[in-house]
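Let's have the full structure, built from the sequences with the hints guiding it.
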Amino acid sequence: MALIRYVPLNPKIDFLGRRNIFLAFSTLIVLGSLLLFAIQGLNLGVDFRGGILLEIKTAEPANVADLRRRLGALKLGEVTLQEFGSNTDLLINVQRQEGDQGAQILAINAIKDELGSTVAEYRRTEFVGPKVGSELKIAGALATMLAMLGIAVYIWFRFEWQFALAGLVALLHDVAATVGFFALTQIEFNLATLAAVLTVAGYSINDTVVIFDRVRETLRKYKKLPLAELLNMALNSTLSRTVLTSFTTLLALISLAAFGGEVIRGFTLGLIWGVVIGTYSSIGLAVPLLMFMNPRASAAEHRDEPAAAGGTS
Amino acid sequence: MVQFPRWQVILVVVVLLIGATFVAPNLMSRETADNLPGWVPSQQINLGLDLQGGSYLMLEVDLDTVVKEQLENLVDSLRIGLRRARLGYTGLGVDGDTVVFKVRDASTVDQARGIVRNAASNLLIDVSDDGAFRVRFTDQAIRDRRQNVVDQSIEIVRRRIDETGTREPSIQRQGEQRIMVQLPGVRDPERIKKLLGKTAKLTFRFVEEGAVPANGRPPPGTEILPSDELDPLGNPRRYVVKRRVMVSGDTLTDAAATFQDGQPVVSFTFDSVGAKRFADATRANVGRVFAIVLDNKVISAPVIRDAILGGRGIISGSFTTQEAQDLALLLRAGALPAPLKILEERTVGPGLGADSVRAGKIASVLGMVFVVIFMGAAYGLFGLLANVALIMNLVLILGALSGLQATLTLPGIAGIVLTIGMAVDANVLIFERIREEVRQGRGPVTAIDAGYRRAITTIIDSNLTTLIAALLLFQFGTGPVKGFAVTLAIGLVTSMFTAIMLTRLLVVVWLRKRRPQALAI
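Sequence order for the protein chains is H and S.
Position 281 (the first sequence) corresponds to 282 in the numbering used here; numbering is contiguous.
Position 436 (the second sequence) corresponds to 1861 in the numbering used here; numbering is contiguous.
Bear in mind the hints are in silico, worked out from the structure with no lab data behind them.
Misleading hints may appear alongside valid ones.
Covered stretches of chain H, going by a simulated chain S footprint (3 or more residues, C-beta under 8 Å) [claimed, not checked]:
#, segment
1, 60-66
2, 117-126
3, 190-196
4, 209-219
5, 239-246
6, 282-292
For every residue, glycine included, the Cβ atom is placed at its ideal position computed from N, Cα and C.
Right under this line is the structure:
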């Protein structure tokens, strides 16, 4: 016997009646994210920016001010130090050096010489040349766009165009909100966090598709029901699944954020935010958008095909 | 959906057994796993450099230098050829990818053309009426040359790294002119970077007698090269060295670091061709000074006291023991045909790698425990069945990683944890459907049957969309992102299998044994 039930057996929440609030909220989130991205920008990691990153473990609790002064004296341009988890773990970020690749190696050596016996262990050394940095940037942007496009095409293939469009808008919303999250928190944006953004895209669309599936089914079943009522019915009947799945995913992610170590913490935090926003957008954005595009017209044409594959308007 | 043909039962059992067999070696020590009989899978999960510690280097072969050098060599041979034939010419030099010159007397064009043809093969020769030559290599020749240089570079990089005793290095070509080097377990990447950063082109050349010209312009056929020695004023000493090479380093067969008068030196041995050339040159030039030049720097400039006939010699310079050993290593491995640039480096110390593995294990286990407790609480018996599937799902993911020898990275562990959270989704979808059917008053068998039938299209749709994202990540992602995409994709496939096949099998078996009148879901 199930011990708990999270959602009332037969919820009747009027989601669609609140669609204007949802849309306003989503607009606010997207605009806010874009604004943050434009003003504050992302804290680009060494992967995209190029430069040098060292993670060190000091023999004794680190005197950050002293180290900052000593490394600043090396004249390597901008050098930032930050504690990383504990007071003996430090992250040193050095800007890209002028000149050729040799200059970068010399800079690493200069830092290692200067730090000398302060350091008990070099835990991580990363150096990315400018050429590779910009290549990674392009490849990353390409992967993001193609992933979103691929997903939209798949939905278009499986549903009607209204669904693909609504799904794509919800997807862009989630990606924008996740980028906004990284701009707001200034958590380092690197290859791993890019993967987090793409995973958010995958998760969010997964969630949306489940609800769309139900919308389509309900559309076929109740041909006379007003659209708003019908969409509400689809949302409510999938609600406990939506909540349960998000909850188990968040459980796993929170344990990863708490115990998975410092290196992937930023990545995990981005995922947690993305799962929350992705769950919200399926309910608050993707389905209300369907309301404006009258999916019934298309669905009616396909009522004889159970799979409704490849349908357009 | 509640019918389960025998072959499906067998399929489920076989897949799970295979998964478990592939996971098993990971639970043993490396030695035990290696000693398993040949027909049992014995591969352990391949940990990425970020988990086992090590260095990743992306190198680029500087092909522009190669092309430039090739053109300059062509200029040199043309100069010699034209002079020998006593043809007057002007403006011999390199212009972009072309060598240009003009013969003074237009009637000698044919003769000059012959000289150009002899200087190198695969040339495109363009002559205007007034005797202006434009000579360049065919595109095919340039392509072949570039290809060759990269192949040779990979070979030399491999030899140098092997000489350092690194275990299981991976050296691969990437794109047209890049080399990816992965060095698991390397603790001191600085030394390897230093070794790869040197071209190690060794030549023996005569030194032009007399002081370095004050205007810094070397006499024709010579160049001014610096050395490590200091002159009495404390400036690096410079030498005027002939461009013409007496003997080149590629005729060395062996080199070793040793000591002479308590000083570290490098002894070397020529092959028969090199030995003969060296013997001839030294015999004819007793009393003259020659320079041992490494990468355009004079390491030492000894006076020839006697003809050196044995084909052996010693390079003494101001070396430390380590430098002497490294030089010997470089000479043994051979010179790089072109300089290498380090574009990217990622080194993870063994400490961080071990910490990451530990943290990943804790996070996975805890995530698993949370989800298991939650599913049990939410769905009772059905939740427990889903939990069995969840655990088998983890076994299948680890089995697939071992079997495919995919590399597990830190983001890959995150992918597994995420999959644990998302894997229950398929079961949740099915169980929620069954609940709905029960609510509509259907009996257990029909409810379960309808629940599965209805949920399956949704499961496939939603997982395929995520799978598309994972595959694109794998295709366009690099390094850590790829590792994440691999586990995510594997996890999606295995979770679909366990939800649709395994939990269903468990539910059906339970249904047949108990024949319940109502479903407690």
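Each hint, compared with the structure:
| no. | hint | in the structure |
| --- | --- | --- |
| 1 | 60-66 | violated (count 0) |
| 2 | 117-126 | holds (count 5) |
| 3 | 190-196 | holds (count 4) |
| 4 | 209-219 | holds (count 5) |
| 5 | 239-246 | holds (count 5) |
| 6 | 282-292 | violated (count 0) |
This entry does not satisfy hints 1 and 6, going by the numbered hints stated previously.
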